[in-house]
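Asker: Sequence:
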Amino acid sequence: MTRHHQNHRVEKFRSFDISDNITVVQCPFSFCAKISQNLKDFLQHLKAHIVQGNEVLYPFEGCSLTFRVKSSFSSHLTRNHKACSNRRVHSDLLIHESEPDTHNQNFNQEIDIDEVTLNNLHIDNSEQENEVEENLSELLLKNLALFYLKLTAKHHMPATTVQMVICEIQAMHGLSRNCMKQHIEKKMKEKLISDTDINDITEEFSANDIFDTVHADKGPLSTEYRRKQFYKENFSYVNPIAICLGHDKDNIKRHFEYVPVIETIENLLKDSSVKEQFQNPLPSQEGVLRDFMDGCVAKQNLLFIELPNAIKIILYQDSFEVVNPLGSAKKKHKILGVYLTLGNIYPQNRSKIDQMQLVLLIREVDFKYFGQEAVFRVLVKDLKKIEETGVHFENEYVRGTVAMFLGDNLGSHCIAGFVENFSSCVYICRFCLMELEAFISGNIYNIYPQRSPENYKEDLAELEKNPVLNNYHDGIKFDSIFNELEYYHVCSPGLPPCLGHDLFEGVVHYDLALFIKYMVKDKKFFTYPYINQRIATFK
Numbered sequence: 008m009t010r011h012h013q014n015h016r017v018e019k020f021r022s023f024d025i026s027d028n029i030t031v032v033q034c035p036f037s038f039c040a041k042i043s044q045n046l047k048d049f050l051q052h053l054k055a056h057i058v059q060g061n062e063v064l065y066p067f068e069g070c071s072l073t074f075r076v077k078s079s080f081s082s083h084l085t086r087n088h089k090a091c092s093n094r095r096v097h098s099d100l101l102i103h104e105s106e107p108d109t110h111n112q113n114f115n116q117e118i119d120i121d122e123v124t125l126n127n128l129h130i131d132n133s134e135q136e137n138e139v140e141e142n143l144s145e146l147l148l149k150n151l152a153l154f155y156l157k158l159t160a161k162h163h164m165p166a167t168t169v170q171m172v173i174c175e176i177q178a179m180h181g182l183s184r185n186c187m188k189q190h191i192e193k194k195m196k197e198k199l200i201s202d203t204d205i206n207d208i209t210e211e212f213s214a215n216d217i218f219d220t221v222h223a224d225k226g227p228l229s230t231e232y233r234r235k236q237f238y239k240e241n242f243s244y245v246n247p248i249a250i251c252l253g254h255d256k257d258n259i260k261r262h263f264e265y266v267p268v269i270e271t272i273e274n275l276l277k278d279s280s281v282k283e284q285f286q287n288p289l290p291s292q293e294g295v296l297r298d299f300m301d302g303c304v305a306k307q308n309l310l311f312i313e314l315p316n317a318i319k320i321i322l323y324q325d326s327f328e329v330v331n332p333l334g335s336a337k338k339k340h341k342i343l344g345v346y347l348t349l350g351n352i353y354p355q356n357r358s359k360i361d362q363m364q365l366v367l368l369i370r371e372v373d374f375k376y377f378g379q380e381a382v383f384r385v386l387v388k389d390l391k392k393i394e395e396t397g398v399h400f401e402n403e404y405v406r407g408t409v410a411m412f413l414g415d416n417l418g419s420h421c422i423a424g425f426v427e428n429f430s431s432c433v434y435i436c437r438f439c440l441m442e443l444e445a446f447i448s449g450n451i452y453n454i455y456p457q458r459s460p461e462n463y464k465e466d467l468a469e470l471e472k473n474p475v476l477n478n479y480h481d482g483i484k485f486d487s488i489f490n491e492l493e494y495y496h497v498c499s500p501g502l503p504p505c506l507g508h509d510l511f512e513g514v515v516h517y518d519l520a521l522f523i524k525y526m527v528k529d530k531k532f533f534t535y536p537y538i539n540q541r542i543a544t545f546k
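Take 8 as the starting number for the sequence shown in my numbering and just add one per residue.
These are calculated hints, taken from the structure and not from any lab test.
Among these hints, one or two may not hold up.
[Claimed, not checked] In silico PhoX-like links for lysine-lysine, alpha-carbon gap of 20 Å or less:
1) K341 x K359
2) K161 x K359
3) K54 x K41
4) K388 x K339
5) K388 x K341
6) K260 x K338
7) K375 x K337
8) K375 x K338
9) K149 x K77
For clarity, every value in this text was computed on a predicted model and none was experimentally measured.
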């Protein structure tokens with residue numbers, strides 16, 4: 008397309024006939040809603056959303072296609088919307104202003120899509136297509152590797168099953184190739200091509216069959232070992248470190264696995280989508296809570312005030328069983344996992360589980376035996392480095408800190424040094440000093456003193472002075488190792504409520520059904536079939 012475009016004339020088109028008002032275009036994503044002053048900026052902005060992982064609906068009338076790949080978006084633009092008549096922006100994306108602005112483009116006037124703009128679009132698309140053509144074998148190889156990795160890591164398919172799938176696909180590919188070879192030979196004979204030339208051409212195709220090459224005896228994807236080596240060399244792999252804890256009560260040497268958080272974050276920031284979101288944070292809107300950065304805890308964090316672009320680390324911990332939890336194996340093989348998510352990623356992307364990065368794995372019995380100091384020391388050491396020095400990003404170091412530590416109530420109390428017995432201890436809340444008796448009696452609407460870093464330290468001092476306090480005071484057993492961080496404290500508050508347990512397994516589970524019943528039976532706002540149909544369409 009770029010070859011014949013050199014002599015292409017400058018095109019003009021009329022977007023919409025809208026009185027004498029100034030018209031600009033607004034981003035269709037509600038969480039963004041950016042205003043673009045011209046068509047070129049608007050299209051580039053949509054491409055940026057694609058890079059961030061969003062599915063983009065084509066903005067022109069008469070086209071209902073959606074795109075997740077930037078090159079496909081550009082290719083479709085140049086192939087199907089080159090003509091002026093095919094570049095009419097959807098009316099619901101247009102914003103009309105009564106007062107002229109020198110920075111706005113008048114979409115009611117004839118808009119020049121100058122040759123430089125079109126050339127840039129075509130050249131960008133052409134370069135991408137050429138790059139794909141030149142690296143087609145590498146592209147196929149990496150996509151095959153990602154497919155096999157997905158089978159193993161995401162769908163938990165055993166390595167032997169993956170190998171069987173590869174062998175079966177390769178066999179079917181061989182049959183398909185032979186059928187294609189016969190068809191090509193037949194067509195070439197009809198064109199009176201000599202048998203020698205036919206053999207040369209078909210042999211050339213067979214010798215350069217990428218699928219066969221990568222699965223050959225010494226191919227990079229031929230065995231489980233070679234596939235793992237390929238994953239490590241070609242993808243963002245961070246090598247876990249086995250850290251020895253010592254010997255347990257049975258004199259067995261124990262260890263845990265730690266994935267360095269600094270290297271993990273540096274690899275994340277190399278990803279184009281993460282990089283785009285990190286460099287272009289969503290702005291806060293006064294009076295609107297859209298993300299944790301709109302809340303008072305984040306706004307009062309001294310590091311986030313000093314460095315608005317600081318790295319916001321969200322840690323998450325939970326325990327899980329890897330075997331049948333019933334019988335003799337109960338709790339024997341239970342694993343405690345700690346994970347990391349970048350708070351700089353947009354909320355709609357951060358809510359996906361694929362964004363979580365593994366930080367630490369340890370047997371729960373080993374964690375309880377050796378304690379926080381032995382297990383979390385290496386993690387806290389790296390977090391301190393991030394606070395003081397930062398992580399390397401584009402020839403500079405960017406500092407950051409822990410924004411919050413997520414988990415269920417039992418896990419959060421364990422991390423913070425609070426009591427983990429919610430049925431008999433006097434103080435069971437990590438947010439305030441409400442007593443259990445008041446909670447049971449229903450006095451939940453009274454105002455109780457909030458926990459803070461100051462009274463947390465006072466309780467620890469009291470506990471240290473009076474050992475007879477039965478190992479805890481005001482619900483606190485010990486000082487959390489994470490309080491050593493300069494910009495994080497468990498009572499800042501730094502341990503958010505567990506909505507999954509507190510709400511969805513409690514009040515919401517019961518009360519929401521009553522709300523719906525009231526709206527259907529009494530108010531008749533809608534019917535049960537209607538709400539079920541709407542729920543079925545949730546994405």
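Asker: Confirm or reject each hint.
Answerer: Hints, verified against the model:
no.: 1; hint: K341 x K359; verdict: 25 Å, violated
no.: 2; hint: K161 x K359; verdict: 13 Å, holds
no.: 3; hint: K54 x K41; verdict: 13 Å, holds
no.: 4; hint: K388 x K339; verdict: 29 Å, violated
no.: 5; hint: K388 x K341; verdict: 26 Å, violated
no.: 6; hint: K260 x K338; verdict: 19 Å, holds
no.: 7; hint: K375 x K337; verdict: 16 Å, holds
no.: 8; hint: K375 x K338; verdict: 12 Å, holds
no.: 9; hint: K149 x K77; verdict: 18 Å, holds
Hint violations for this structure: numbers 1, 4, 5, all remaining hints satisfied.
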